[in-house]
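Student: Read off the chains here:
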Amino acid sequence: MRCEEVRELLPAYLDGEAARQAEIDAHLAWCGECRRELAGYRSMVRSLAALRERGAHPAPQLVERLVALIPAPSLLDRVRFNVYDHPGWYAAASLAAAVVAAFLLRRRARERPALA
Amino acid sequence: MSPRHLPRNLGDEDGVQAVVDGGVTKELLARCRRNDPRALEELVRRTHRRVYGLAYRLVRDPHEAEDVAQEAYLRMFQGLGGFREEARFETWMHRIVTNTAFNHLRRRGRFGELLEDGALDVATAVRSESSFADRDELERAMERLPAGQRIVLVLKDVYGLSCREIGHELGIEEGAVKVRLHRARRRLREVLTEGDGDEV
Chain L
1 MRCEEVRELL
11 PAYLDGEAAR
21 QAEIDAHLAW
31 CGECRRELAG
41 YRSMVRSLAA
51 LRERGAHPAP
61 QLVERLVALI
71 PAPSLLDRVR
81 FNVYDHPGWY
91 AAASLAAAVV
101 AAFLLRRRAR
111 ERPALA
Chain R
1 MSPRHLPRNL
11 GDEDGVQAVV
21 DGGVTKELLA
31 RCRRNDPRAL
41 EELVRRTHRR
51 VYGLAYRLVR
61 DPHEAEDVAQ
71 EAYLRMFQGL
81 GGFREEARFE
91 TWMHRIVTNT
101 AFNHLRRRGR
111 FGELLEDGAL
121 DVATAVRSES
131 SFADRDELER
141 AMERLPAGQR
151 IVLVLKDVYG
161 LSCREIGHEL
171 GIEEGAVKVR
181 LHRARRRLRE
191 VLTEGDGDEV
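Chains as they are written, first to last, in this note's numbering: chain L, 1 to 116; chain R, 1 to 200.
Calculated directly from the structure, the hints in this document are not laboratory data.
Every residue gets a Cβ at the ideal spot worked out from N, C-alpha and C, and that includes glycine.
Please note that the accuracy of each hint is not assured.
[To be verified] From the structure, some residues in chain R lie toward chain L, with a derived Cβ separation under 7 Å:
hint	residue
1	Pro37
2	Glu66
3	Tyr159
The following block holds chain R by itself, in its conformation from the complex (with noise of 0.2 Å):
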């Protein structure tokens, strides 16, 4: 789709207008409010890495990650019109590539994994390197964490959702929700440190 008859030069106001976040201005947000084609497709261009990230992470298929990928840019375009608060926009952005995946992940009987805060299987733990300069080691690391843990991690230490937040997309008490994220840390750190006894 190209549209005509719409603004121009989005990607000009960057220096000038206030980032929010992710590369989004108010600027930018304002157009999108205002079903501004033009805007609206420099949004999807300026955020789909990340929303496909986190919703890959989440479902862990990279075509089911497409179809929530795309599932949640329809959401969020009949949402934008009544959206306010420009602080919050990646946070909202994130809860609602995190509910339309859990969602997907409901219909296909998978949620339930989520809700399992099962004990690290030992025999798995990978040997980390002594730094995190080396992400793909990290991201390895997270793997090998339970299921319950891991999405816990992932929604409040990589894309900053609040215990809270996390609780409510879940379906599970906030004080649970600390119980898990302390326990993927331990275990992170655990599994980043085994065998080398490096500090990092």
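Isolated chain L, as found in the complex (with noise of 0.2 Å):
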């Protein structure tokens, strides 16, 4: 292959996605100036890689519109987030309803009984 067209396969070469990939391989063997062309290819796509953390800067009052428009929690999510956040409690309590109810129902089978 002639520089030439290695030099158009790059930008797809990148990506593995070149036709005639085993060639250009070949090529890149022994040609420095193209693979200088493909390292100045890659520095270029990492560079682009890390424009994604360079956000573009947005007036300070948007992040307060943004929370702004957070959906306010139901009473039943209300609940769930108590007791995600303290399974200790919500254990303990349900351990002594527990207690309650059988205490109660010990008791009724007592008085029973005495009814009949």
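Each of the two chains sits in its own frame; use the hints to bring them together as a complex.
Tutor: Below is the structure:
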């Protein structure tokens, strides 16, 4: 392959999607100029990816406007958050409720023969 | 809005929770899925610059980018409950912003410009420095690309969407996206090296 052909295909070669990939590999093995061109492309693509972290600069008020869009939680959601936040309290409360229920059931069972 | 009755210290968990991406942890996402407003606020604070940045790069107007960001977050709040693929959160977020921005451009009759894969106006090409350490130079060089190429380059090489996803959002074939992407890379490389012959 000629250098011009290889360089035309380098943008696709970066993703492993160039036609004649094996021929390009063979060319790059001996052609330093094309290897340097490939390195230039790779550097460029790395720099592009780095732009992602370089957010534009929104107005300072934007974040507060976005936060204001958050939907208010339902009553059920609030109960769930509390359960997730304080699992120990809820476990203790559940145990206490079970003990009280057991006590009431037992008392009722004792009273029943007397009524009969 | 300052929600009460809600979990605490989401930020303190960074050290121990796996970061999914962009500073967002699995724990934070799990809380967001439960409609926890504190978690959603944390998510907004951690991601809003990224979201605004993408919106701005797509619509190229600061006020319109804010509108797009607001609409995108509303959609995210609605969709987070059903979102399960933590590893794909960033891509999911980028797709929502992209889709929202494209709808915004359609409403304003500007979407068509993204479908044009026109030739570069060589006369406006900028000369680059020999290094991409100057990100402004790279951003300025991208501005010189035709809109249809620039948008594909931004979505693929900057924000990591796949060619298939980009094709879906633009309404064009995946193959056409790849053709544009490769042209855009070639053009950008030409713009950046034009005039000085420097290698990067």
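Student: With 7 Å as the cut and Cβ atoms as the points, is Tyr159 of chain R at the interface with chain L?
Tutor: With a minimum Cβ separation of about 6 Å from chain L (threshold 7 Å), the hint on Tyr159 of chain R holds.
Student: Are Pro37 of chain R and chain L close enough, Cβ to Cβ, to be under 7 Å, as the hint says?
Tutor: Holds, about 5 Å.
Student: Grab the minimum C-beta distance from Glu66 of chain R to chain L and call the hint holds if it beats 7 Å, violated otherwise.
Tutor: This hint holds: Glu66 of chain R lies near chain L, its Cβ roughly 6 Å from the closest one there, short of 7 Å.
Figure legend: structure checked against the earlier numbered hints; every hint is met.
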